[in-house]
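The listed protein sequences derive, respectively, from chains E and H. The first sequence lines up with residues -4 to 199 when you count with my numbering. The second sequence lines up with residues -4 to 199 when you count with my numbering.
No lab work stands behind these hints, which were simulated from the structure alone. Where is the CB? At the ideal position from N, CA and C, for every residue including glycine.
For each label pair, taking beta carbons as the anchor points, the in silico distance ranges come out as: (1) Gly72/E to Gly72/H: 19 to 27 Å; (2) Leu71/E to Ala166/H: 32 to 40 Å; (3) Ala159/E to Arg137/H: 46 to 54 Å; (4) Gln51/H to Ala109/E: 39 to 47 Å; (5) Glu121/E to Glu121/H: 25 to 33 Å; (6) Ala79/H to Asp138/E: 34 to 42 Å; (7) Val186/E to Gly149/H: 54 to 62 Å; (8) Asn13/H to Ala109/E: 31 to 39 Å; (9) Pro75/E to Ala112/H: 27 to 35 Å; (10) Ala15/E to Ala17/H: 18 to 26 Å; (11) Asp172/E to Asn196/H: 35 to 43 Å; (12) Arg137/H to Arg108/E: 43 to 51 Å; (13) Glu179/H to Gly52/E: 30 to 38 Å; (14) Ser74/E to Gly141/H: 39 to 47 Å.
Going by beta-carbon spacing under 8 Å, a handful of chain H positions derived as facing chain E: (15) Met49; (16) Ser54; (17) Tyr56; (18) Leu67; (19) Arg84; (20) Glu87; (21) Ala95; (22) Ala117.
Number of protein chains: 2
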Amino acid sequence: MKSAIERHLTAVPHTLANAARAAHYGHQGAVLWLTGLSASGKSSLAMALEQSLMAQGYSCYVLDGDNLRHGLNANLGFSPADRAENIRRVGELAALFADAGLICITAFISPYRADRALARQACRSEFHEIHLAAELAVCESRDPKGLYRQARAGQLPEFTGIDAPYEAPSAPQLRLDTGTESLEQSLEQLVTYVQRQLPLNRPR
Amino acid sequence: MKSAIERHLTAVPHTLANAARAAHYGHQGAVLWLTGLSASGKSSLAMALEQSLMAQGYSCYVLDGDNLRHGLNANLGFSPADRAENIRRVGELAALFADAGLICITAFISPYRADRALARQACRSEFHEIHLAAELAVCESRDPKGLYRQARAGQLPEFTGIDAPYEAPSAPQLRLDTGTESLEQSLEQLVTYVQRQLPLNRPR
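The task is simple: from the sequences and hints, build the whole structure.
This is the structure:
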């Protein structure tokens, strides 16, 4: 049942149309949604991509799980419901950054297809799903934070890839084999992809 | 004032420092936090300010109560706890936009000092509190959505200014008398304020 105030809420359209924002920044706003297992390279690739794109003149921002957990999502835990709400908020947030005209790069495991579909749905701009497809064995052998080791020891229940599923995208816009490629190789492919899909009208 | 690193000890630092973002956009990132009663002119002024600033070359984005309630905050109602969470999320969100390098203009009643203080605390960039100080009688006589009428009739409990308090800022960075001034007059003051406080290094 909607309250009286809720019935009055109609979305106020921004005075600045998308076209004006695209002219301002020199490119369309968009979400680049990186998904993959823990240690598949999401945060490193996101940060490197942001740096490369901004050097070319793109306006970007990275949303990162570790960062958001301290602020917007500080009141969420790791229960299934809280994990879903975490990704829902990231999806809405990314949609706002893209609506603002920026290229928003998100770096979250986001293991469930349904959650990623919701993020795509929230986005009124272009949404690009990018699968960092490093295999579990590779990610587990890297284990930079020792999380897989803890999960195998039963200290991190419902850890993606160990005792919780990772639902790989069936038709991502781009698939990067971050298990065998170097960061530089993956970055190059990703930059080329962005340059094609979101061309810069006003290069530096 | 604590640095970003001190306040978020384990947060992943963005590869791009604030200085690089300021060079990219031509100005510092910041939050312009508009606060005032319902019908004090927050959304209209926010949208007009965004349009004016972007025409000058600033990169901006407006966060608006009506808009956010449909997305990020769609799962919040109007209980005191949900209202506080609403403003908490807006504060964190605005902080992220400012961190990205943009000027984020927020347009929320945000009636409680404590909530506004939290938003300021969340912000690692400049935070400017701007009080749209139209008096209750003026706002109520405008009543563009008929909300005050409903509140007086007891159909909108805990309506700010009627049966819930509005705690006016004691020391806002700027106070605009939106009750007696025209939108154009308030806008001119606000634009002048921004040009002084957040000068553009690279005007159009």
